[in-house]
Amino acid sequence: MDCEKFEPLLLDELYEELDELTSAAVKRHVSGCARCASILGDMTATRRAVSLPLVPAPEGLEDRILAAAKEAQKVVPIKSRMSRALSIAGSWAMRPQTAMAAVFLLMIGTSAFLIRSKNYASRDAAVSVTVAGAPAPLEEVASERESLDDKAAATAHGPTPSNFARPPAPMPSTLAFAEADDNNGPLDRLTGGAARDKSKKEATSDPFASAFGGDTKGFAAPPATATASPTMPAAAAARAEVANASVPAGAPGAAYDGLSQTPPPPPAAKPAGGPAGGKDAQDPFSLGAAAFRARNFAEATRQFDVAAQSGDSNAALWAAESTREGQGCAVALGRFDQLAHRAAGSWAGNESSLRAARCQIAMGQLDAARARLDSLAHVPSHQHAAQTALDELNQVAARKAGGAGAAGGAVAAPKRAASPAARPASPARAPAEAREQEQQQKKALDHANGY
Numbered sequence: 082m083d084c085e086k087f088e089p090l091l092l093d094e095l096y097e098e099l100d101e102l103t104s105a106a107v108k109r110h111v112s113g114c115a116r117c118a119s120i121l122g123d124m125t126a127t128r129r130a131v132s133l134p135l136v137p138a139p140e141g142l143e144d145r146i147l148a149a150a151k152e153a154q155k156v157v158p159i160k161s162r163m164s165r166a167l168s169i170a171g172s173w174a175m176r177p178q179t180a181m182a183a184v185f186l187l188m189i190g191t192s193a194f195l196i197r198s199k200n201y202a203s204r205d206a207a208v209s210v211t212v213a214g215a216p217a218p219l220e221e222v223a224s225e226r227e228s229l230d231d232k233a234a235a236t237a238h239g240p241t242p243s244n245f246a247r248p249p250a251p252m253p254s255t256l257a258f259a260e261a262d263d264n265n266g267p268l269d270r271l272t273g274g275a276a277r278d279k280s281k282k283e284a285t286s287d288p289f290a291s292a293f294g295g296d297t298k299g300f301a302a303p304p305a306t307a308t309a310s311p312t313m314p315a316a317a318a319a320r321a322e323v324a325n326a327s328v329p330a331g332a333p334g335a336a337y338d339g340l341s342q343t344p345p346p347p348p349a350a351k352p353a354g355g356p357a358g359g360k361d362a363q364d365p366f367s368l369g370a371a372a373f374r375a376r377n378f379a380e381a382t383r384q385f386d387v388a389a390q391s392g393d394s395n396a397a398l399w400a401a402e403s404t405r406e407g408q409g410c411a412v413a414l415g416r417f418d419q420l421a422h423r424a425a426g427s428w429a430g431n432e433s434s435l436r437a438a439r440c441q442i443a444m445g446q447l448d449a450a451r452a453r454l455d456s457l458a459h460v461p462s463h464q465h466a467a468q469t470a471l472d473e474l475n476q477v478a479a480r481k482a483g484g485a486g487a488a489g490g491a492v493a494a495p496k497r498a499a500s501p502a503a504r505p506a507s508p509a510r511a512p513a514e515a516r517e518q519e520q521q522q523k524k525a526l527d528h529a530n531g532y
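Using the numbering used here, you'd call the opening residue of the sequence shown number 82 and step up by one each time.
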């Protein structure tokens, strides 16, 4: 064994914890190495110096410990417990901190009680008795205050940036397309112009309602405040249009016929001019909406085109719709096609393709319209509307085929009448056929109005 192996075994040898063989090897190394022998001798002397002798326990120690434990287990009487608790509470009650805490709690409780009583008193005072249906004075004041809504306050303080959502209008009906083109669609040929005359009688003055096919459910058109007065200046009308703009009542969850998904609201419109700019500088989309409501479709198309230059597909869709209202389906079809190709796959592109298909139905291009609607039938957002339009297209095609067959029968009728063996028509059968034909035309008109 050398010194390197001896050092780890030094403490074990000091406390006599080594086995006999290892201890004998350590002792042989210590006997031959002066350095290791000196280290082991110093540690042995130190241990001997600090070790304490074992002193025997005094007599009676165990008895005293057991007696103390037994005394601690004794049960204290209830009277002594109560007296001890009272003494502790009395000592705390005589301290100033306890009195201050009690006063603080009393103040908080009293304040809370008085505040609640005051609120109840004000509610009771607001109740008044009406005589002969006359409103109470307090109710009149409250009604006057409530009449000052945020829109009126915004109008009183001048023009504010427009923040209303601009979802595109639902798809107009086939009858609305047919009205735009003079006797251009199959419905006019089927009904003989009866649909056009009835629609002119029932048309409203709101162009948005006509654009929606008479169904404006789920979409709040821009308010009519800006065009209520014919003498209102154009700048004031635009400012009122922007100030009264609001979010659509049904957006985004409300659904309407022809559309199964509402587009996300566009960003808030910003005024074109700064504080020192012109007062009449407004958002082109707002100006286009005001012009559309005023039935100035050329100006509406121009303003929507300006708004669409920034890449707004929604404004481009409105521009195409304004073109259809002003110049008919023949001119608007190209715009719808261009937007459908440019925004393919988006909501605006699919909606533009749907409107182009309905334009083609109104123009008699049933095969091209069927191809568009077949492709839209696989789009989740327009699947229902495309399927509805396909059903209506099939009905129109069936009526068109039936009308052609009836025309052929009418041509063959004079030939049969010229035959000497031909029988005269029954006088009672002719009115019945006329009534049946009138009912079919009425059903076709009602179906077209239900687009």
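The reader is advised that the hints may include incorrect statements.
Listed next, with one range per pair, are the computed distances between beta-carbon atoms [stated by the list, open to error]: (1) 481 - 423: 40 to 48 Å; (2) 132 - 103: 53 to 61 Å; (3) 155 - 104: 51 to 59 Å; (4) 156 - 124: 26 to 34 Å; (5) 173 - 153: 24 to 32 Å; (6) 387 - 418: 48 to 56 Å.
No lab work stands behind these hints, which were simulated from the structure alone.
All C-beta atoms, glycine included, are put in the ideal place defined by N, C-alpha and C.
Okay, the hints, checked on the actual structure:
Checking the proposed 40 to 48 Å range against residue 481 and residue 423 shows it is violated: the Cβ atoms sit about 33 Å from each other. The hint said 53 to 61 Å for the Cβ distance between residue 132 and residue 103, and at roughly 24 Å that hint is violated. Residue 155 and residue 104 have their C-beta atoms about 56 Å apart, which keeps the hinted 51 to 59 Å range intact. Between residue 156 and residue 124 the beta carbons are some 57 Å apart, a value that contradicts the proposed interval 26 to 34 Å.
About 27 Å separates the C-beta atoms of residue 173 and residue 153, a value consistent with the hinted range of 24 to 32 Å. Taken as a hint, the range 48 to 56 Å is violated for the pair residue 387 and residue 418, whose Cβ atoms sit roughly 21 Å apart.
Violated hints, listed in ascending order, are 1, 2, 4 and 6; each of the other numbered hints is respected by the structure.
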